[in-house]
Amino acid sequence: MKAIRTCFIGAVLCLTAFALGGCGPGEPETHGSPPTIRRLTESQYRNIIRDIFGSSIKVIARFDTPEREYGLVSIGAGKADVAPSALERYDNLARSIAAQVIEEKRRDSFVSCRPQSVNMPDEACAKQFLGSVGRLLYRHPLSEDELQAEVNVANTVATSRSDFYAGLEFALSGMLVTPTFLFNAEAAEPDPQRPGMERLTAYSKATRLSFLLWNSAPDDALLNAAEKGELHTRAGISRQVDRMLASPAIETGVRSFFEDMLGLDAVEKLAKDTIIYPAFSASVATDIKEQTLRTLIDLLVFRNEDYRNIFTSRHTFMSRQLAMINRVPIETEKKWVPFEFAESDPRAGVQTQLSFLQLHSHPGKSSPTLRGKAIREILLCQPVPPPPADVNFDTFNDPIVAKTARERLTAHRANPSCAGCHKVMDPIGLTLENFDGLGQFRTAEGGAPIDASGELDGIEFVGGAALGKALHDNPATISCLVTRLYSYGVGHIPTRRDRAFITYLQERFAAEGYRVPALLRQIAQSDAFFAVSKPSRKPLEELKSAANSAHEQEQGL
Amino acid sequence: MLLIPKLLARAVFMALSLVSVLVDSTVPARAASTTEKTYGFVVSSLFTAINDTKYMEECPEGLTQSNDELWLKGMTPEQREKATNGGQTDHVLRRFAAALRGPNGEDVCWNPEVIKDPPMRTVQGKVSYGINLDGTSDGKATPKTCAHEKFIGLDGTPAVDNQLFRILGCTRGWRAEGGIESRAQAERLDISQGIILVEISGVKDLRNDDNVRVTFYRPVDKLLKDGTGQVLPYVSYQIDTTRYGDSTRGRIVDGVLTTDPIDVRLPFYGNLVISDLYIRGMLLKVDLAPDASSAKGIMAGYSDREVWWDYIRKIGMTWLGRHSCPALYEASRRLADGYPDPATGECTAISSAYKIEMVPAFVIHPSVTSAKAP
Chain A
1 MKAIRTCFIG
11 AVLCLTAFAL
21 GGCGPGEPET
31 HGSPPTIRRL
41 TESQYRNIIR
51 DIFGSSIKVI
61 ARFDTPEREY
71 GLVSIGAGKA
81 DVAPSALERY
91 DNLARSIAAQ
101 VIEEKRRDSF
111 VSCRPQSVNM
121 PDEACAKQFL
131 GSVGRLLYRH
141 PLSEDELQAE
151 VNVANTVATS
161 RSDFYAGLEF
171 ALSGMLVTPT
181 FLFNAEAAEP
191 DPQRPGMERL
201 TAYSKATRLS
211 FLLWNSAPDD
221 ALLNAAEKGE
231 LHTRAGISRQ
241 VDRMLASPAI
251 ETGVRSFFED
261 MLGLDAVEKL
271 AKDTIIYPAF
281 SASVATDIKE
291 QTLRTLIDLL
301 VFRNEDYRNI
311 FTSRHTFMSR
321 QLAMINRVPI
331 ETEKKWVPFE
341 FAESDPRAGV
351 QTQLSFLQLH
361 SHPGKSSPTL
371 RGKAIREILL
381 CQPVPPPPAD
391 VNFDTFNDPI
401 VAKTARERLT
411 AHRANPSCAG
421 CHKVMDPIGL
431 TLENFDGLGQ
441 FRTAEGGAPI
451 DASGELDGIE
461 FVGGAALGKA
471 LHDNPATISC
481 LVTRLYSYGV
491 GHIPTRRDRA
501 FITYLQERFA
511 AEGYRVPALL
521 RQIAQSDAFF
531 AVSKPSRKPL
541 EELKSAANSA
551 HEQEQGL
Chain B
1001 MLLIPKLLAR
1011 AVFMALSLVS
1021 VLVDSTVPAR
1031 AASTTEKTYG
1041 FVVSSLFTAI
1051 NDTKYMEECP
1061 EGLTQSNDEL
1071 WLKGMTPEQR
1081 EKATNGGQTD
1091 HVLRRFAAAL
1101 RGPNGEDVCW
1111 NPEVIKDPPM
1121 RTVQGKVSYG
1131 INLDGTSDGK
1141 ATPKTCAHEK
1151 FIGLDGTPAV
1161 DNQLFRILGC
1171 TRGWRAEGGI
1181 ESRAQAERLD
1191 ISQGIILVEI
1201 SGVKDLRNDD
1211 NVRVTFYRPV
1221 DKLLKDGTGQ
1231 VLPYVSYQID
1241 TTRYGDSTRG
1251 RIVDGVLTTD
1261 PIDVRLPFYG
1271 NLVISDLYIR
1281 GMLLKVDLAP
1291 DASSAKGIMA
1301 GYSDREVWWD
1311 YIRKIGMTWL
1321 GRHSCPALYE
1331 ASRRLADGYP
1341 DPATGECTAI
1351 SSAYKIEMVP
1361 AFVIHPSVTS
1371 AKAP
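Here the protein sequences line up with chains A and B, keeping their order. Here this note's numbering is used: the first sequence runs in plain steps of one and ends on residue 557. Here this note's numbering is used: the second sequence runs in plain steps of one and ends on residue 1374.
These are computed hints drawn from the structure, not numbers from a lab. Think of the CB as a built atom: it goes at the ideal place given N, C-alpha and C, for glycine as much as any other residue. Careful, some of the hints might be misleading.
[As the list claims (entries may be wrong)] A few chain B residues that face chain A, going by a derived Cβ cut-off under 10 Å, partial list only: (1) Lys1225; (2) Gln1230; (3) Gln1238; (4) Thr1241; (5) Pro1366; (6) Ser1367.
Please work from the sequences and hints to get the whole structure.
The structure is reproduced here in structure tokens:
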């Protein structure tokens, strides 16, 4: 009875909200989670600087290794802090960017006003520049106090250096290290349409939309829409979502999501034993990531194909280095050329691309276990428990015991504490054994022929291309994508209370033929995407009192 | 809705681009038809074939005298003292002065006949790399050759010809410990100049095929190498369509490819000099790995003396080669054994052999579209 009552209340709330321009037709009610605070990821930082100041501004810096949670850096960013050493790097980077923006050859492109004298402060001009740039950097207009503080910094430096532009440069570099810029702190406000409940502010909505669809800060038009309150209406959001999906920046957004979901940032630290794999190099590592992202953008955005085709498609893009590893010929006039593997070729789908094969292998050999684990965790969203701490690899590493990975793993699975997990990973990974640790095709290992047969959830098949077919037909790939994309957008791990909405999204995704742009639209236009709940924090006084009690207990008082 | 037409246009463009690649690119080392295949290779190592033995039995007189030695010998003790700053200036630093030892200060590599050096020490040994190019058993003169001595091949084959070895085999720069050949090889790989592509087409059976076509090209793309500088296999190279491209027939017997003789011009680079190998009556004899993963053998024929000498005089580098240009020039004229000049009877080409190693590569013929591109 309680469940029915909850559903009824939910339905009533939803209908009411819909009538007021809220919850979409058929969309289950979601409660949302508290507004998030997330540090900008490296790609977001770079995209924002590029979008505001242009691609000629070089962002040369080493960023901290991102924290990954629930398979996504975008969620891990909610737990990321800024260590003192990282702050120092942010500061150096900020100074470098500000210097480039304000240098003489560029400044006129960004500073539309002219100071009365270049040797003196000019409050009006400084206010105009810092106000307009600050609005884009901070993702909301600066308050009077915020702006005045920045202008005061610019004026002080301009006076001491007798240089108006030195003042602007200093103030801009300061803005680039503020938490307001480096962290995306969402803000909520009382929802006038739902008394007692909260909603994201219009600017926070703009930022969520922008990071989901473009992985960058809102542009001027989106901020204007926020300012006018349009993002609190269904029509206003629809207009912006249409505009954003039609923008070339959608490529950046979709690339960023798949880079995050597939863990392609790991290529930065990818290492191979070049005695065993002489063809490997740092530029190969860069290319394997680019190949996969180009393939996905082409398939999912330009061709607008069924998402499940990423597991079976033979279309890809090839550089000379990757063509060499794939042992295929390509024209060499351009860095990247479209390429289609022949029907007889063993490669089809992202699981047979070099990025997947290399990232989920050891430095000197393939790994059916790592590959099977990656299929489970990344493509099917099915976590595999970590191995026990006392695993004995002697048998596994003995080349006399077994020549092929299949034989080694069979021996390894004799240990019952290992068998449980390995049986959900190895039968998948073994089907990719025709590809060595570099992703080169082979038919034998250690002189013994390779048996690439295996199974996924009861479906038996042979080889990587057939694995793609099994993945294509596995419903978990769909629920995995939908859940990941939604989580990526809202920045939190989905809870039990999100389940109905995710199921709804899956149904809509299926109805739209599994088209990713349609799924993005569905998420971006949903109420669930913007839903927030009040933070479950205790009042400050209550916390202080609790802390005092604990302290007293420790002291034995 | 704006997205859809844009996506469609992009998709059509992509599809057309893909078709262009598939249609216009020749796909070597892949199935050209159901019965014939094409195999591509890039030459990863090229050395003048010198049979330099451990104890130098081929050079009983020792190594040839260098330009520096001859320069020093040509001076009085006082002149030597002055020219070398009392012996303080070593042979590398004094190389420029040593080169200008013509009677009027001429560079003797550019003007090898302005002075006469003692005849250089040449190979006295009997064994050499090479192929019997003139068809004779004794090296007697024929309408196409001048009289010369024969060698025995390393595998015991009688009557092989390799006068280039006879000329250079006792000169340090061309021997294993010398710098001329190894430096040229390293430079070729470093800057991807003077690289040769070999395309073997019409292959029905890689182990035995009595009729295949072998064509030589120059790539316009850089070599891809591993961290140790070795040429990587299975890389795509687009050919230079403006030069080279000589082609001949060949046959494969038990995995050994031997071509018919052909006058061929091949790209060559070494010691900072861009040149050609112009080899007349050239034939290739290489062992092909059963899976075509490598090929190794020799390229033999009559190296055109003028083209060869043009390279020698341009590189200079007598300090590295430890040779004398006038003596080398004289020996090359004296020992040349092929293609006599009809007017003078002097031979204009030198029988020679080059050791080559090749790794598989994709030889890409430019598409119609790219050929039309400005």
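- Query: Looking at the structure, which of the earlier hints fail to hold?
  - Reply: 4
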